[in-house]
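2 protein chains.
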Amino acid sequence: MQFELSLEYLEELKEAIARKDEATIKAQLEELYAVDIALILNRLDVEEANFLYDILDDEMAADALLEMEEEKREALLATFSTKEIAEQLDNMESDDAADVINELPEEIQEEVLSHIEDIEQASDIADLMSFEEGTAGSLMAKELVSVYAHETVTACIDEIRRQTENVDVMYAVYVVDDNEKLIGMLSLKKLIISHPLALIEEIYDPDVISVKTSTPSEDVGELIQKYDLVVLPVVDQLGRLVGRITIDDVMDVMREEAEKDIQLMSGITDDVDSNDSLWRLSRARIPWLLVGMGGGIIGSRIIGSYEQQIQLRPEMAFFIPLIGATGGNVGVQSSAIIVQGLASNTLVLDRIAPKLFKELGVGLINGMICSGLILGYNLLINESWALAATVSVALFTVILCASFLGTFVPLTMHRFKVNPALATGPFVTTLNDIIGISIYFLVGRLLYNVL
Amino acid sequence: MQFELSLEYLEELKEAIARKDEATIKAQLEELYAVDIALILNRLDVEEANFLYDILDDEMAADALLEMEEEKREALLATFSTKEIAEQLDNMESDDAADVINELPEEIQEEVLSHIEDIEQASDIADLMSFEEGTAGSLMAKELVSVYAHETVTACIDEIRRQTENVDVMYAVYVVDDNEKLIGMLSLKKLIISHPLALIEEIYDPDVISVKTSTPSEDVGELIQKYDLVVLPVVDQLGRLVGRITIDDVMDVMREEAEKDIQLMSGITDDVDSNDSLWRLSRARIPWLLVGMGGGIIGSRIIGSYEQQIQLRPEMAFFIPLIGATGGNVGVQSSAIIVQGLASNTLVLDRIAPKLFKELGVGLINGMICSGLILGYNLLINESWALAATVSVALFTVILCASFLGTFVPLTMHRFKVNPALATGPFVTTLNDIIGISIYFLVGRLLYNVL
Chain X
1423 MQFELSLEYL EELKEAIARK DEATIKAQLE ELYAVDIALI LNRLDVEEAN
1473 FLYDILDDEM AADALLEMEE EKREALLATF STKEIAEQLD NMESDDAADV
1523 INELPEEIQE EVLSHIEDIE QASDIADLMS FEEGTAGSLM AKELVSVYAH
1573 ETVTACIDEI RRQTENVDVM YAVYVVDDNE KLIGMLSLKK LIISHPLALI
1623 EEIYDPDVIS VKTSTPSEDV GELIQKYDLV VLPVVDQLGR LVGRITIDDV
1673 MDVMREEAEK DIQLMSGITD DVDSNDSLWR LSRARIPWLL VGMGGGIIGS
1723 RIIGSYEQQI QLRPEMAFFI PLIGATGGNV GVQSSAIIVQ GLASNTLVLD
1773 RIAPKLFKEL GVGLINGMIC SGLILGYNLL INESWALAAT VSVALFTVIL
1823 CASFLGTFVP LTMHRFKVNP ALATGPFVTT LNDIIGISIY FLVGRLLYNV
1873 L
Chain B
1423 MQFELSLEYL EELKEAIARK DEATIKAQLE ELYAVDIALI LNRLDVEEAN
1473 FLYDILDDEM AADALLEMEE EKREALLATF STKEIAEQLD NMESDDAADV
1523 INELPEEIQE EVLSHIEDIE QASDIADLMS FEEGTAGSLM AKELVSVYAH
1573 ETVTACIDEI RRQTENVDVM YAVYVVDDNE KLIGMLSLKK LIISHPLALI
1623 EEIYDPDVIS VKTSTPSEDV GELIQKYDLV VLPVVDQLGR LVGRITIDDV
1673 MDVMREEAEK DIQLMSGITD DVDSNDSLWR LSRARIPWLL VGMGGGIIGS
1723 RIIGSYEQQI QLRPEMAFFI PLIGATGGNV GVQSSAIIVQ GLASNTLVLD
1773 RIAPKLFKEL GVGLINGMIC SGLILGYNLL INESWALAAT VSVALFTVIL
1823 CASFLGTFVP LTMHRFKVNP ALATGPFVTT LNDIIGISIY FLVGRLLYNV
1873 L
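Each protein sequence line maps, in turn, to chains X and B. Every letter in the first sequence is one number past the one before it in our numbering, and letter 214, counting from 1, is 1636. Every letter in the second sequence is one number past the one before it in our numbering, and letter 25, counting from 1, is 1447.
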């Protein structure tokens, strides 16, 4: 029942396509869901995909198109006439159709719209296209069932029957007043178990969470997660019901956000995946590499100012990587905890100071452990007391500093509305590298003079 | 409608609790959802939470308890008698009740179970407790509505009416044969629009995705995401329907998994958050710090073997941080892309070789850019040709190496069923630090002899 795409399966299918053997292809695709067929389409070249797509029945074809990777979908649609594209959009929910049409070259968007046969669908799509990306309006679909509070259960069921073609998945019907203002909802379960002649106003639940078309997507995601919703009604500025957002659309958005955060934390500036072009992958990575190099150059200037000391005591150079690496690691650890706390909102209420103190406490403990161990190692291996003391004191200070910065930087960024994920990774690492080296050589100069 | 907990609100509430002013408290909590009340309970000390909890009505209390942070919930439950705990469990769905009871000290679990008044609920909970954590069995709830294929729509609606108290949220009813084997499902929408005397077998959808009780939670999450499901039926080894998993439970699991991955990538070994104790936070971080230190010590031995060279040419030491940092950054970037590809399954079909070549291509481009820039800098600033050449050649080699390792290590880990997120972060950084230094000094020795 659950399909796993294998290379053998793909080979067989490609051969059948080359032979134009429709019967075999249909048999191969028989049991598959749209998302599985999309995986296959992603792996075919455009001509093959085009041939396969034509074999699919209309509903399945439209669903598979939606599940394809954006680039592959664009390539496939480029082989279609505007009329053929319009036919695909007719089989989609309005929000999906609007997403697809937004991806098309601007000069053909209008033409595609004009070819859509269902006038209501065309007008819904045009409406949705006007909402700004990243808002609830751009996420919502227009298809929903709404009833007036003064209607009966039977009338409501009739309305559902009328809408059943348009609304694929339905979890609830929405209740509006005579001005189309959203006033509540009615679960299908409640509808089923209520008396056919009962009035909606007697049985509906006035306690409904909704968002405005202008609500940011992130807030939509948070609400859906927090209140365990599967669908969320959307109202306009006047409170009139205009659409609904389902959890699957929100989950896609949230997954993209999470991936972008991980990439930011890893020093990748643009949303890329391993199938992107060489140039795109390179371009997305070079900015933070350059920042890191900038840090390295500053580091070289700092060390350069201790040139004579290094000539005198070359063993000072040995522990540069240890100091830098540990500072970087501690900084990343601290900032990861803070970034996650900010993302899950567990930190919202807290003031910065107690967090800083706690991180410093952790730094204190781990700093003592690490510097104690390295002291033991150096006393055992190296004969130089001064070096042993320098490395340990510097390491301890660096760990404390890195704990502080790893906490302070993302919290401050968050306060100034910069994505704190930017702080975890190259930024904190680079900063800690520079500071670590400064501390190390400073401590070295002091201790070598004393000891 | 959407509640934001503020410090002022919390202060007022705490004062009302201190005054034991139930009327004010009730007014304050009036409009809130369970999850909001849980946020408040998390912020109160145990006595305050206990007082507030008693004021809530039974349903709300149980729901709020479920949404609390684990530690806070344990502390609150510790103030309850086993009988009082049992009363809370009676108001929960079976899966939630099983989760709560599993958190209790083992010696009182049996006693709590024995106090649950609803025998069926007690037996359901006991059943669920027996499933291993991380499986579909441990995620599922027993509450569901199932009908036999030979029944009518009316009989099905009667069954829903009977179960309505037990099943909070309902999206579909499941269809079983006479042996209780799952054979299909029926959406509530279909049920509503069908004729009351229609037989279930004429209208149900045989195409239902299900999992076994033993299916790993991760696979459950993947299925739900891939097929855009909101609920998934669970069957036993004989195919008999035994439970259902709803999307909200799966989303919680997936969020935890994602957070754990980010922490692994940041060098934190245990699932912690910033509210955990100092010791726990320290312990979760020390292992990777020690690994990093181990790398640093190896680095010090490598540099140590070039002691005379450093004495002769101390400027070699200046660029140690630049080489180390850039190698680390490149490695993290490469491995992040691979880890994400593995997580989203876009890489499943691909062989390792093409990925490696592509990453090497990216490394080639970025390596040329970075080493070209640093060459320019060094020629401008430092008079030493040998140093300029050394740094550039080494940097280029290090970037290529780090691209290779950043790709190869997570792919290999994945092949051997180790979580590749472990590879991104401290592991790859440490490895690249060591390799980077080795390359740098090796290149230095070669070039200084030639130039």
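Hints in this document: simulated from the structure, not taken from any laboratory. Possibly wrong hints are sitting among the right ones.
The list treats identical chains as one, so a pair stands whether inside a single copy or across any two.
What the hints assert, rightly or not - List time: in silico DSSO-like cross-link candidates among lysine-lysine, alpha-carbon distance up to 30 Å:
1. K1612 - K1448
2. K1648 - K1682
3. K1494 - K1648
4. K1436 - K1494
5. K1448 - K1839
6. K1448 - K1648
7. K1682 - K1839
| query | Of the hints stated earlier, which fail here? | reply | 5
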